[in-house]
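K.L.:
Just so you know, the sequences run in chain order A and B. The first sequence: position 76 = 132 (this note's numbering), numbered continuously. The second sequence: position 336 = 392 (this note's numbering), numbered continuously.
There may be inaccurate statements among the hints.
Identical copies go unnamed one by one, so any copy, or any two together, can satisfy a pair.
[Unchecked claim] Listed below are the simulated DMTMM-like cross-link pairs for lysine to aspartate or glutamate, each with C-alpha atoms no more than 20 Å apart in a straight line: (1) LYS97 to ASP113; (2) LYS265 to ASP255; (3) LYS356 to ASP111; (4) LYS177 to ASP394; (5) LYS97 to ASP122; (6) LYS359 to ASP233; (7) LYS97 to ASP111; (8) LYS356 to GLU112; (9) LYS177 to GLU187; (10) LYS418 to GLU393; (11) LYS400 to ASP410; (12) LYS97 to GLU118; (13) LYS291 to GLU256; (14) LYS298 to GLU148; (15) LYS340 to ASP198; (16) LYS298 to GLU259; (17) LYS97 to GLU112; (18) LYS389 to GLU80; (19) LYS97 to ASP119.
Keep in mind that the hints were calculated from the coordinates and are not lab data.
Protein chains: 2
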Amino acid sequence: MKAVNASTTQLKQDLEKLKKNYEEYQKKGLNLNISRGLPCKEQLDLNGEMFHVLDEDNYMAEDGTDCRNYGVMYGLPECTRLFSQLLDIPEENIVLGGESSLNLMYDQFLRYYAFGTLGEKPWSDQAKEHELKWLCPVPGYDCHFNLTEALGFRMINIPLLSTGPDMDMVEKLVANDPAIKGIWCVPQYSNPTGVVYSDETVERLAKMKTAAPDFRIFWDNAYAVHHLYKENIVKDIFKAAKPYGTEDRILYFFSTAKITFAGSGVCLMASGDGTIEETRRLLKLQIFSHDKLNQLRHVKYLKTPENIRNHMKEVAAVLRPRFDLVDRLLTEKRLYEDVYTWFKPDGGYFITVDSYEGCAKKILEMTENAGVKVATAASTYPYHYDPNDSNIRLAPTYPPMEELEEAIKLFCICANIAAIEKVLAERGV
Amino acid sequence: MKAVNASTTQLKQDLEKLKKNYEEYQKKGLNLNISRGLPCKEQLDLNGEMFHVLDEDNYMAEDGTDCRNYGVMYGLPECTRLFSQLLDIPEENIVLGGESSLNLMYDQFLRYYAFGTLGEKPWSDQAKEHELKWLCPVPGYDCHFNLTEALGFRMINIPLLSTGPDMDMVEKLVANDPAIKGIWCVPQYSNPTGVVYSDETVERLAKMKTAAPDFRIFWDNAYAVHHLYKENIVKDIFKAAKPYGTEDRILYFFSTAKITFAGSGVCLMASGDGTIEETRRLLKLQIFSHDKLNQLRHVKYLKTPENIRNHMKEVAAVLRPRFDLVDRLLTEKRLYEDVYTWFKPDGGYFITVDSYEGCAKKILEMTENAGVKVATAASTYPYHYDPNDSNIRLAPTYPPMEELEEAIKLFCICANIAAIEKVLAERGV
Chain A
57 MKAVNASTTQ LKQDLEKLKK NYEEYQKKGL NLNISRGLPC KEQLDLNGEM FHVLDEDNYM
117 AEDGTDCRNY GVMYGLPECT RLFSQLLDIP EENIVLGGES SLNLMYDQFL RYYAFGTLGE
177 KPWSDQAKEH ELKWLCPVPG YDCHFNLTEA LGFRMINIPL LSTGPDMDMV EKLVANDPAI
237 KGIWCVPQYS NPTGVVYSDE TVERLAKMKT AAPDFRIFWD NAYAVHHLYK ENIVKDIFKA
297 AKPYGTEDRI LYFFSTAKIT FAGSGVCLMA SGDGTIEETR RLLKLQIFSH DKLNQLRHVK
357 YLKTPENIRN HMKEVAAVLR PRFDLVDRLL TEKRLYEDVY TWFKPDGGYF ITVDSYEGCA
417 KKILEMTENA GVKVATAAST YPYHYDPNDS NIRLAPTYPP MEELEEAIKL FCICANIAAI
477 EKVLAERGV
Chain B
57 MKAVNASTTQ LKQDLEKLKK NYEEYQKKGL NLNISRGLPC KEQLDLNGEM FHVLDEDNYM
117 AEDGTDCRNY GVMYGLPECT RLFSQLLDIP EENIVLGGES SLNLMYDQFL RYYAFGTLGE
177 KPWSDQAKEH ELKWLCPVPG YDCHFNLTEA LGFRMINIPL LSTGPDMDMV EKLVANDPAI
237 KGIWCVPQYS NPTGVVYSDE TVERLAKMKT AAPDFRIFWD NAYAVHHLYK ENIVKDIFKA
297 AKPYGTEDRI LYFFSTAKIT FAGSGVCLMA SGDGTIEETR RLLKLQIFSH DKLNQLRHVK
357 YLKTPENIRN HMKEVAAVLR PRFDLVDRLL TEKRLYEDVY TWFKPDGGYF ITVDSYEGCA
417 KKILEMTENA GVKVATAAST YPYHYDPNDS NIRLAPTYPP MEELEEAIKL FCICANIAAI
477 EKVLAERGV
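Build out the structure end to end from the sequences listed, making use of the hints.
P.N.:
Below, the structure is given as structure tokens:
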């Protein structure tokens, strides 16, 4: 049943009970923060062996390169090969980065901004002539939006459907407006909704005509091997692009941040031949080599694609109970079906809730007033503006189970209260 | 005696002998490359303990932070503190970077280019109005020049004297031209000449009036603790800047690349309060944290400033015989005092030779034709154009002693030949 169909008397009764529950929570003096998408201690503990794979007799690459020294600018060949096999991308289309794929995205974006790409003018130049724009599937990832905002791109919201970005809208926009320079995508277990782009969406992104010759798809495949319940793998966009020759449009990012040690992983960018050649040339301005010892450490620890997949099964075993718990509590504690809706993803790091319209800020304020930071309001929308004030990203991966349980129970109480109060207010009660 | 004062007969005799020597070298079938300023195996071997300071029971920062996870964007406090004590720069004026200080310089440069600084317009905007310029003490470091060239700055050569850049020239230029946005400096054991800027030079750089409010000194103190013969430490530029309030003008870079493992070190940028606040704010667009495990590894291995200084004494003991050898060979093998001159530095990584004018390219061609890459011609000058065609950077740190000896002997033969041929040609012989 929906709250909008419940009697006012019933809703008032519900509210009274809920408010008592809320007051009890306030008295507990909680001080929790479940807002961050971090790996938990148990996940990190799986990687203890990583501390021991290198030592004073083990620092050589397979070709005899001393990894303690400078050199090998684009990444250790065996490390590139491992990811090439894992992701089915040719080695020559991969450049390894350091510990952060966000940093790689930032670098690539700033290259376009300062240097332009493949004969096109730098975006900083183009921005003098007319305002540049960027497509942002929403809800999405705040770190993406922050970068395009800081560089002055006007961000255009694109609804993220269960199949991925609304492709009718995307195709129409990019076909006609050369000021639209790109789109942010998290194609598999999307941050935050968890959807996997459909084959058709991938195909249309690869195929579509763009008015801007330097239109770019930032393909942040952060959760490529991060399955929880089943392997729901997004279609290979490079293979989709091949018939259309649009490989240089795609900037594919991946990292081991949530496979090995977050913040001490290895990341990569893959793209078409032209883009990779250009990136390698510009990389010389920046660095002699990323941390090869860490690349070697990853190769010696992760060993093979199969071993990585097995490791991710262990990670899933750690994470699944957390996702189960959140899903169960969201189911059990919801008083009416219009109080909120959510999506239980096949993998990734988040569960997204859509509250009753106009209630998200209120809910998050309430949880904070009871000592629990659940999320940052509207952080999943460009300019931190959620037009429906309803999207909330839950991050179940980090907190201990007891804390997660406390936090989600409180969240459900607040979500019920906010929705019912809103319904009553709509009735003028 | 000088070649220009020797008899033609004598010079012809010399030349005949030298050419025989050169031919003998050609027959050896050498294949050496001494052009790179890399640490040698023995220097790297000093750090074996680094592989063992972290393990599955040792990954916590002193405040209990799990360094295996995300977070601590500006660097681990104990790592910042260690460098703060070593360099006598307040912790709050330091931001830690990753494995490459060149990358930090690139990042900072691109921030100014894309975002501007402290209320001034981005350099990319200013460049639309008039050509921007940059001061380049010469000879200098090619990686510096490559960046300013790629971003379209017109580079102005500033003679590097034994006291540092020609400050009369610098002061006059920056006082009058708001298009001059900065200067590259390697103030201590300069790359490549090895000079240490005088106190007066540092004082004048800190004090000088600049027409551009966003004029910046990129202070690449790469060799701050890299003494070889004596501790010739450059004056503290932040202390010099304090009375004039110009701290934000200074971007101080340092790294452990040549202290621990090259390419797997930790680096930092230090500046005034305003710049650091701005950098920290913009860093959020880019990364959650640099590799904290590597920062912790450095703290646990390097421990104290005193320990770092002692470690650098061990490094110096490895490197000194190489510098002694080069200095001895350059002395013994030079037939006339105008064939070349050089400077034996108190520390750093290079010895710079100035050949007889107009001979550098020829000399390097000759060594390459005998199988030895000594250096890249004119790489120490902007646009790879050395107006005197005479400056050559020797990098004694990497090759084994025998290879270094072979290479330098060959170099001396070639330098003598080129000079004598030039003198004879000048006589019309």
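K.L.:
Now tell me if each hint is right for this structure.
P.N.:
Hint by hint, here is what the structure shows:
1. LYS97 to ASP113: between (30 Å within a copy, 13 Å between copies)
2. LYS265 to ASP255: Cα proximity of LYS265 and ASP255: one copy only (18 Å, versus 61 Å across).
3. LYS356 to ASP111: Answer is both; intra-copy 12 Å and inter-copy 16 Å each pass.
4. LYS177 to ASP394: Neither. Shortest intra-copy (49 Å) and inter-copy (49 Å) distances fail the 20 Å Cα cut-off.
5. LYS97 to ASP122: between (33 Å within a copy, 9 Å between copies)
6. LYS359 to ASP233: neither (46 Å within a copy, 57 Å between copies)
7. LYS97 to ASP111: between (25 Å within a copy, 15 Å between copies)
8. LYS356 to GLU112: both (14 Å within a copy, 17 Å between copies)
9. LYS177 to GLU187: both (14 Å within a copy, 17 Å between copies)
10. LYS418 to GLU393: Result: close within a single copy only, 19 Å intra versus 83 Å inter.
11. LYS400 to ASP410: within (12 Å within a copy, 70 Å between copies)
12. LYS97 to GLU118: Intra 32 Å, inter 17 Å, cutoff 20 Å: inter-copy only.
13. LYS291 to GLU256: Only inside one copy: LYS291 and GLU256 sit 9 Å apart there, 64 Å across copies, limit 20 Å.
14. LYS298 to GLU148: Close inside one copy (15 Å), not across copies (50 Å); limit 20 Å.
15. LYS340 to ASP198: Between copies only: 11 Å across chains, 30 Å inside a chain, cut-off 20 Å.
16. LYS298 to GLU259: Answer is within; shortest intra-copy Cα gap is 10 Å, inter-copy 59 Å.
17. LYS97 to GLU112: Classified as between; 12 Å across copies, 28 Å inside a copy.
18. LYS389 to GLU80: Classified as within: same-chain Cα gap 16 Å, cross-chain 89 Å, threshold 20 Å.
19. LYS97 to ASP119: between (36 Å within a copy, 16 Å between copies)
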